[in-house]
Amino acid sequence: MSDTLYDKIGGEAAVDAAVDIFYRKVLADDRISSFFDDVDMEHQAAKQKAFLTMAFGGPHNYTGKDMRDGHAHLVERGLNDSHFDAVMENLGATLKELNVPDELIAQAAAIAESTRADVLGR
Amino acid sequence: MIRFEGKAYDSKDNETVLDCLERNGVSVPCSCRSGICQACLMRATDGKPPSSAQKGLKPSLVSQNYFMSCSCVASQDLEISFPASTTGLVFSSKVLNKCKLSDEIVRVRLQRPDNYEYFSGQYLTLYKKKGLGRNYSIASVPDRDGFLELHIRRVPGGAVSNWAHDQLHEGDEISIGHAIGNCFYVAGHPTQPLLLIGTGCGLAPLAGILQAALLQGHQGDVKLYHGSRSVQGLYLSDSLEGVRQQYPNFSYSQCLSAKKHDTQTSFRHGRATDLALQDNPDLTGWRVFICGTTDMVKATKKAVFLTGASMQDIYCDEFVQTKFC
Chain A
1 MSDTLYDKIG GEAAVDAAVD IFYRKVLADD RISSFFDDVD MEHQAAKQKA FLTMAFGGPH
61 NYTGKDMRDG HAHLVERGLN DSHFDAVMEN LGATLKELNV PDELIAQAAA IAESTRADVL
121 GR
Chain B
1001 MIRFEGKAYD SKDNETVLDC LERNGVSVPC SCRSGICQAC LMRATDGKPP SSAQKGLKPS
1061 LVSQNYFMSC SCVASQDLEI SFPASTTGLV FSSKVLNKCK LSDEIVRVRL QRPDNYEYFS
1121 GQYLTLYKKK GLGRNYSIAS VPDRDGFLEL HIRRVPGGAV SNWAHDQLHE GDEISIGHAI
1181 GNCFYVAGHP TQPLLLIGTG CGLAPLAGIL QAALLQGHQG DVKLYHGSRS VQGLYLSDSL
1241 EGVRQQYPNF SYSQCLSAKK HDTQTSFRHG RATDLALQDN PDLTGWRVFI CGTTDMVKAT
1301 KKAVFLTGAS MQDIYCDEFV QTKFC
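Quick mapping for you: the protein sequence lines, in order, are chains A and B.
Mapping of the first sequence onto this note's numbering: position 94 corresponds to residue 94, and the numbering continues sequentially without gaps.
For this note's numbering, count along the second sequence from 1 and bump the result up by 1000.
Chain A on its own, in the form it takes in the complex (with noise of 0.2 Å):
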C-alpha cells in the first residue's frame, strides 16, 4: 500500500510539529503579520493546524467556500497575491526547517497553492 502525502510527510505529528514554527514565522513576518494582529493567537493556531493538515494531504472538510468565506474580510482589508506568496513562502521555509525532501515540499506548496483563487474572492 503506498503511502500517501500526508504520511509521508509525517502525519499528524508533522503538523503538530509545523504549526508554532509556521504561525511564528507569519507572526515575525511584516508583509502579512499585520492580518493577524485582532486575532486571537489560540484560535488561530487552531486554524493554522487545520491549514496545514489540509496542505499536506491530510484528512480535512474544508470546501472552496469555507475558503473564500474565511477569507473575505481580509480581501476587503486589501489581502492580495502578494500576500498569499508571503503565506506560501513561509510554509515552503518551515517545511524544510523540519527537513522534509523538496519533492514533497513541491506537493504540499501544489496542495496550498491550489486555495489562491478562493482565498482571494476570485
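The set of hints was computed from the structure by calculation and includes no laboratory data.
Be aware that a few hints might be false.
Stated by the list, open to error - Below, simulated PhoX-like cross-link-like pairs (lysine-lysine); rule was C-alpha separation at most 20 Å, straight line:
| no. | chain 1 | residue 1 | chain 2 | residue 2 |
| --- | --- | --- | --- | --- |
| 1 | A | K47 | B | K1298 |
| 2 | B | K1098 | B | K1129 |
| 3 | B | K1302 | A | K25 |
| 4 | B | K1055 | A | K25 |
| 5 | A | K25 | A | K96 |
| 6 | B | K1058 | B | K1298 |
| 7 | B | K1094 | B | K1129 |
| 8 | B | K1048 | B | K1012 |
| 9 | B | K1302 | B | K1058 |
| 10 | B | K1094 | B | K1055 |
| 11 | B | K1007 | A | K47 |
| 12 | B | K1094 | A | K47 |
| 13 | B | K1128 | B | K1094 |
| 14 | A | K25 | A | K47 |
| 15 | A | K47 | A | K65 |
| 16 | B | K1048 | B | K1007 |
| 17 | B | K1058 | A | K47 |
| 18 | B | K1058 | B | K1048 |
Fit chain B to the supplied structure of chain A, relying on the hints for placement.
Chain B only, in chain A's frame:
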C-alpha cells in the same frame, strides 16, 4: 443520548455530537469538521467525552471535559453546553477571614462550600447582591486549604471592590458562582520549567497556580515575575519568601515598572515581561502562565511564543475591568 439546553436528543450509532445536533436543527459553529480547528468546541457538564474527541486540546480544557463536537461519538450519555454558557450555579458561603495585603488590596477567605470544585488559578463571581457580582481569581489550593482565597483590589468607583473593602466583615454570608477559567496547572511533565508572569492582582491566580504545582511535586524550575507600576502593588512578599525557602526550585522577582526610586533596592526595575524574557531568552519547552490586563496578556503571549514557547503550553488569564454604563 445528548442533553443540551434542556432538551434530550437521541444520537444514532456512530453519529457525532455535531451531526446529531445539526440533524435536530441546532446550529453549532464549526469549520474544518475534522477535529482540528476547535471551532465546534463544547463542554460536557455531565458524562465524559471520549478522549479521541479531545485531541490537541490544552490539558486544562481536557480536565474540564471540553471536546470537539465534530469528532465526538459519545460512548455514554452526555449533558453538553457551549463553552461560554454558565450553568448559573450559585453557592452560599461565608467570610472566614479578611485582612489587608496592602493599601489597595484586601485578602478575603471564604468558606469552601460542599462539593465546590476548582483549580487554583480559576476565578469565581463574588456577588454583592443578586445580579451584581465581579470576578476574582482563586489563590487558594484545593488540596490544602479549606477556604477559597481572593485578592481584591480597590477600584475607584468600583461597585463590588469598595463594598468588599469597606462593608464586608468576617462572618458575613455571601453568594459566589462556580469556578471558571482555563488558566491552571495540570500535572504532567514534572521537570518542565514553569514561568509565571503577572501584573497587579494577577498575582492572585499565579500564587495559587505555583503553590498547586509545587504541592503536586513539580520538580522543574518555577519562576515568578510579578510587576506593578508602584510599590503598593507589590504585595504578598512574606508569603512568596516563605515558599522560596520551602522549595529550592522556586524563585521570584518583584518588578517595579515606574521610574527608578533609589530606596527600593529589594525590587527589580523594569516591566515583569521584559525582565522575565531578559532572564530567560529561550522559552522552548517552558510552560508559561500569564495574568494581567488584556493589553499586557496579548503582548506577553506573543513575545513568549516568539521566543519558543509552544502555543499549547501558554495559559492566559485576562483581567477585564467592568466598564460603567
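Structure-inconsistent hints, enumerated in ascending order: 4, 10, 11 and 12
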